[in-house]
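The whole structure should be built from the sequences, with the hints applied where relevant.
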Amino acid sequence: MAEAAIAAKAVEMVFRTGSVETRVLKGIDLTVSAGEIRLLMGPSGSGKTTLLSILAGILTPTGGRVNLLGQEITGLSRRQLARFRRRHIGFIFQDFNLFPALTAAENIELALKIKQRSTAEAKRLAAEYLEQVGLADRARHLPKDLSGGQKQRVAIARALAGSPKILMADEPTAALDSKTGQTVVALIQNLAKEKGCTVLMVTHDPRITDAADRITHLEDGLISHSSSWQTREVGGNGVIG
Amino acid sequence: MVSLARKNLLKDLPRFLVAQAGIMFAVSLVTIQTGILRGFTESTTLLIEDSATDIWVTSENFVNFELTEPIPYLELAQARQVEGVRRAEALLIGSGRWYSDEGKLTTLRIFGFDPEGQLFRPGEVSAASLEALNQPYTAIIDQSNQRAFGIDQVGDTARIRSLPVEVVSITEETQSLVSSKFVFASLKNANAYVNAGFSAELTCQLGDNGLNCQNAYERAPETGAEALPAPGPLEADVPITYILIRAEPGTDIPALKQRLEDTITGTRALTQAELVEETRAYWQERTGIGFILGLGAVVGILVGIVIVAQILYTSVSEHLKEFGTLKAMGAPDRMIYGVIVEQALWMAVIGYIPGISLCWGLSTWTLASQGIIILITPVSAAGVFGITVAMCLGSAFFAIQKVTRVDPGIVFKA
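Residue numbers (this note's numbering), protein chains in the order written: chain E, 5 to 245; chain R, 5 to 418.
Treat the hints as calculated values from the structure; they're not laboratory data. Everything numeric in this text was worked out from a predicted model, so none of it was measured. Built from N, CA and C at the ideal position, the CB exists for glycine as well. Mixed in with the good hints there might be a few duds.
With a cut-off of at most 16 Å between alpha-carbon atoms, the simulated EDC-like pairs for lysine to aspartate or glutamate come out as follows [claimed, not checked]: (1) R/Lys11 to R/Glu346; (2) E/Lys183 to E/Asp214; (3) E/Lys197 to E/Glu223; (4) R/Lys406 to R/Asp337; (5) E/Lys148 to R/Asp16; (6) E/Lys13 to E/Glu76; (7) E/Lys30 to E/Glu223; (8) R/Lys406 to R/Glu322; (9) E/Lys30 to E/Glu16; (10) E/Lys119 to R/Asp337; (11) R/Lys108 to R/Glu176; (12) E/Lys183 to E/Asp149; (13) E/Lys117 to R/Asp337; (14) R/Lys15 to E/Asp149; (15) R/Lys325 to E/Asp149.
Heads up, incomplete: computed chain E residues facing chain R, CB under 8 Å, no partners named [stated by the list, open to error]: (16) Leu56; (17) Thr64; (18) Arg69; (19) Leu73; (20) Ala86; (21) Arg87; (22) Ala105; (23) Leu106; (24) Ala115.
Laid out in structure tokens, this is it:
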């Protein structure tokens, strides 16, 4: 069995607003193997995005431990977490989160600048990754001049250009039509496999489950069940898990 | 490498230009307020600095250049006898009223000096103009006062009190912003103008209730220059305001000051630098004018900070999700703060250049048309640039506080 890239143990998250406490995560145990594509699914309010934020080192859990790539991250300082994310994690967002003032190429160059790559290398890699996502001819376009699918492809190129070991994607197809969504997910799948990247993807979209090696279902802050590709194929009833 | 700060600023050009107009306004406000303060302060000592005088002797009750008590003219002769004095000349400062040919009244400050002397100069005037001052009832005025005096050109006439005056030359950059309009004349003419206008007659009668006195003032009749006798030389008891001294080369100036004060009792001797310093200090510290203009400059800086802070804060608020994305991607704090600081510096530079250019144009216009000095020197321009940069960086500090508190988790919120 492959080594775990992501390991969460008894992760809890409680949000406090005044005297009101909301337990969003109630003790999550989760292991994602290196190179695996894992989907996190569940109804709205089940805690998917909160779990993703915790596993990405953006949010600190109120209980439990998180280990990424063999390193315990729960006790790291804000600065150490930022350094960890910079080195090892790529992000894809539902709203693309491209910088509107920068061209497609510049968006990728900026991400590489954060990873302290030289200007020349950043320019070379930006061109290379735009080529890989089929947008070489859109390098000098601003995000406003790109379609939703093209924006998400730039975001994928930006996330992967720094060669991260883990890719965190939050609803990457939510703002896209069905066909574009499937194209984008196929692109994530192919590029992630090619680069040996572990993918953790939050989604509501049942049409992209085929891209996953394994699916974890959350409900009311708990994992209700998990299923592998093999399980689904054996079950064959189209119901996840 | 791409500059996110610059690109963010230029993304929405009309909005950027409106923001820059705000900074330009702040720069202009600071420049004009500080320029007026400096211009006003320096305008009070222009004549002192134009003179070639080592020591100014005046009454011991001296307050500032234009506010001092008179000393008798005869003390000029005493000063000339003091060891170390190479040259001594009299300067008479008085006030009066100027009546233009249309009858428009303006108060004036008249400076009487020796046109053939070397120590006092009313700005840059030709030898011919100085020679012309030796004619009876002639004067030089400052260009900035032409309109107020109703004078279009050299040769125009008017009246000072009841006496005629012909303008023989027009000088510039002599007028103090806080004084009446300056007029320059020979000592003889100035003395005549200062004392012209009214004659007083005191009549006393001894009655049942003691001595009854009546003081009657009579306005002198207006007469043309040709019908008037030329003003005579100053008599020994005529009050003058300063004795200007040039020392022999190599003379110990503090020692000479002391000798002058000892010889001419009831006087105070000041070097040119001391007179400048005390006059400026008086206007800046002892009157409300310096305080108000200083306050204006401080308000200008505060308004500038508020404008820039508002612009930067709005800009940061609009791009908050972008900053959150940078944080999520692991960008170090110094990089994020660098974006804001760079943005602030660009705003400072791009707001400063048109702002200072506008002020420079404005100062040229006000000097030429109103005689008001808005002093912008390379040093003060550099100072305003420093203030602008500090203002923008200070404002960036508030924006940085907002970014520091950004939860990178916002990147996952649609």
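Status of each hint after checking the structure:
| no. | hint | result |
| --- | --- | --- |
| 1 | R/Lys11 to R/Glu346 | holds (11 Å) |
| 2 | E/Lys183 to E/Asp214 | holds (14 Å) |
| 3 | E/Lys197 to E/Glu223 | violated (29 Å) |
| 4 | R/Lys406 to R/Asp337 | holds (13 Å) |
| 5 | E/Lys148 to R/Asp16 | holds (13 Å) |
| 6 | E/Lys13 to E/Glu76 | holds (11 Å) |
| 7 | E/Lys30 to E/Glu223 | holds (10 Å) |
| 8 | R/Lys406 to R/Glu322 | holds (12 Å) |
| 9 | E/Lys30 to E/Glu16 | holds (5 Å) |
| 10 | E/Lys119 to R/Asp337 | holds (13 Å) |
| 11 | R/Lys108 to R/Glu176 | violated (22 Å) |
| 12 | E/Lys183 to E/Asp149 | violated (20 Å) |
| 13 | E/Lys117 to R/Asp337 | holds (14 Å) |
| 14 | R/Lys15 to E/Asp149 | holds (14 Å) |
| 15 | R/Lys325 to E/Asp149 | violated (20 Å) |
| 16 | Leu56 | holds (7 Å) |
| 17 | Thr64 | violated (11 Å) |
| 18 | Arg69 | violated (19 Å) |
| 19 | Leu73 | violated (14 Å) |
| 20 | Ala86 | holds (5 Å) |
| 21 | Arg87 | holds (6 Å) |
| 22 | Ala105 | holds (4 Å) |
| 23 | Leu106 | holds (6 Å) |
| 24 | Ala115 | holds (6 Å) |
Of the numbered hints listed earlier, those contradicted by the structure are 3, 11, 12, 15, 17, 18, 19.
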